[in-house]
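The whole structure should be built from the sequences, with the hints applied where relevant.
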Amino acid sequence: AQSVTQLDSQVPVFEEAPVELRCNYSSSVSVYLFWYVQYPNQGLQLLLKYLSGSTLVESINGFEAEFNKSQTSFHLRKPSVHISDTAEYFCAVSETMEYGNKLVFGAGTILRVKS
Amino acid sequence: NAGVTQTPKFQVLKTGQSMTLQCAQDMNHNSMYWYRQDPGMGLRLIYYSASEGTTDKGEVPNGYNVSRLNKREFSLRLESAAPSQTSVYFCASSEGRGRNTGELFFGEGSRLTVL
Chain P
1 AQSVTQLDSQ VPVFEEAPVE LRCNYSSSVS VYLFWYVQYP NQGLQLLLKY
51 LSGSTLVESI NGFEAEFNKS QTSFHLRKPS VHISDTAEYF CAVSETMEYG
101 NKLVFGAGTI LRVKS
Chain C
1 NAGVTQTPKF QVLKTGQSMT LQCAQDMNHN SMYWYRQDPG MGLRLIYYSA
51 SEGTTDKGEV PNGYNVSRLN KREFSLRLES AAPSQTSVYF CASSEGRGRN
101 TGELFFGEGS RLTVL
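Top to bottom, those sequences are chains P and C. The opening residue of the first sequence carries number 1 in the numbering used here; numbering runs sequentially from there. The opening residue of the second sequence carries number 1 in the numbering used here; numbering runs sequentially from there.
Keep in mind the hints are simulated off the structure, nothing from the lab. Wrong hints could be hidden among the right ones.
Stated by the list, open to error - Derived, one-sided and incomplete: chain P residues facing chain C with beta-carbon distance under 7 Å:
no. : residue
1   : Tyr-32
2   : Tyr-39
3   : Gly-43
4   : Leu-48
5   : Gly-62
6   : Ile-83
7   : Asn-101
8   : Lys-102
9   : Ala-107
10  : Gly-108
11  : Leu-111
What the hints assert, rightly or not - Using C-beta positions, here's what the derived DEER-type ranges look like:
no. : chain 1 : residue 1 : chain 2 : residue 2 : range
12  : C       : Glu-79    : P       : Asn-68    : 41 to 47 Å
13  : C       : Asp-56    : P       : Ser-26    : 19 to 25 Å
14  : P       : Gln-45    : C       : Glu-59    : 40 to 46 Å
15  : P       : Ser-84    : C       : Lys-14    : 29 to 35 Å
16  : C       : Glu-79    : P       : Ala-17    : 27 to 33 Å
To be verified - When the alpha-carbon atoms are kept at most 20 Å apart in a straight line, the in silico DMTMM-like pairs for lysine to aspartate or glutamate are as follows:
no. : chain 1 : residue 1 : chain 2 : residue 2
17  : C       : Lys-14    : C       : Asp-26
18  : C       : Lys-71    : C       : Asp-26
19  : P       : Lys-49    : P       : Glu-64
20  : C       : Lys-71    : C       : Asp-56
21  : P       : Lys-69    : P       : Glu-58
22  : P       : Lys-49    : C       : Asp-56
23  : C       : Lys-71    : C       : Asp-38
24  : P       : Lys-49    : C       : Glu-103
25  : C       : Lys-57    : P       : Glu-95
Positions of the beta carbon are idealized from the N, C-alpha and C atoms, including for glycine.
So, in structure tokens, the structure goes:
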């Protein structure tokens with residue numbers, strides 16, 4: 001079974017500073033990788049995904065993640081964070097099942113942006 | 001577009017009481033899921049339904065039952081609630097067939113407290 005490790009449970013950062021949220025997964029086969037974001041008292045929303053092709057994927061609000069197969073990592077980065085980025089971020093890997101795929105989630109990283 | 005709708009959003013139960021969480025999706029998705037979210041543990045899969053008429057256990061099925069009523073609806077039942085079932089419950093759906101990457105679409109969650 002696949003697993004996902006998010007190396008930091010909380011990341012505090014000042015507004016306009018860069019941030020990296022780390023994610024490692026266990027898999028020896030092709031994978032699909034996802035980052036979801038959860039704002040307070042809301043459900044999870046897809047932030048970005050890697051399915052194939054370019055190893056660098058971007059979201060519409062300035063986040064990017066790079067798929068690194070040799071290091072089995074999919075770290076999330078943003079060069080300059082905003083207060084509104086305060087949320088919990090979940091990394092997930094798609095696990096192939098008989099009927100299709102299902103997601104395995106990491107424990108989450110809480111990003112706290114301070115002014 | 002409603003997406004995935006869960007009811008109720010909040011519920012308080014006493015130990016031993018029963019209740020059903022309802023979930024409906026309007027995206028014509030084949031697969032539906034129930035997750036629970038607990039602090040520091042990410043999302044854990046309770047049950048899933050690959051397609052109408054089928055259900056399977058996930059990581060933490062004990063104490064729960066599910067019904068895939070039709071393609072749109074997937075309910076989660078707690079027959080005899082326990083304090084350990086205090087959690088936030090999320091319903092999700094995915095395409096489930098064809099080029100299925102595992103990408104999930106989530107409801108807004110149901111916060112359950114068992115006293």
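Hint-by-hint comparison with the structure:
1. Tyr-32: holds (5 Å)
2. Tyr-39: violated (11 Å)
3. Gly-43: At 4 Å from the nearest chain C Cβ, Gly-43 (chain P) passes the 7 Å test, so the hint holds.
4. Leu-48: This interface hint is violated because 11 Å lies over the 7 Å limit.
5. Gly-62: This hint is violated: Gly-62 (chain P) lies away from chain C, its Cβ roughly 21 Å from the closest one there, beyond 7 Å.
6. Ile-83: Interface hint status for Ile-83 (chain P): violated (22 Å vs cutoff 7 Å).
7. Asn-101: holds (3 Å)
8. Lys-102: Holds, about 6 Å.
9. Ala-107: holds (4 Å)
10. Gly-108: holds (5 Å)
11. Leu-111: violated (15 Å)
12. C:Glu-79 - P:Asn-68: 41 to 47 Å: holds (45 Å)
13. C:Asp-56 - P:Ser-26: 19 to 25 Å: holds (22 Å)
14. P:Gln-45 - C:Glu-59: 40 to 46 Å: violated (23 Å)
15. P:Ser-84 - C:Lys-14: 29 to 35 Å: violated (39 Å)
16. C:Glu-79 - P:Ala-17: 27 to 33 Å: violated (49 Å)
17. C:Lys-14 - C:Asp-26: Since the Cα atoms of Lys-14 (chain C) and Asp-26 (chain C) sit roughly 33 Å apart, the hinted pair is violated (cutoff 20 Å).
18. C:Lys-71 - C:Asp-26: holds (9 Å)
19. P:Lys-49 - P:Glu-64: holds (10 Å)
20. C:Lys-71 - C:Asp-56: holds (15 Å)
21. P:Lys-69 - P:Glu-58: Distance of about 18 Å is within 20 Å: holds.
22. P:Lys-49 - C:Asp-56: Not satisfied, since the Cα-Cα distance of roughly 26 Å exceeds 20 Å.
23. C:Lys-71 - C:Asp-38: Distance of about 28 Å is beyond 20 Å: violated.
24. P:Lys-49 - C:Glu-103: holds (9 Å)
25. C:Lys-57 - P:Glu-95: OK: Lys-57 (chain C) and Glu-95 (chain P) at ~15 Å, within 20 Å.
Violated hints, listed in ascending order, are 2, 4, 5, 6, 11, 14, 15, 16, 17, 22 and 23; each of the other numbered hints is respected by the structure.
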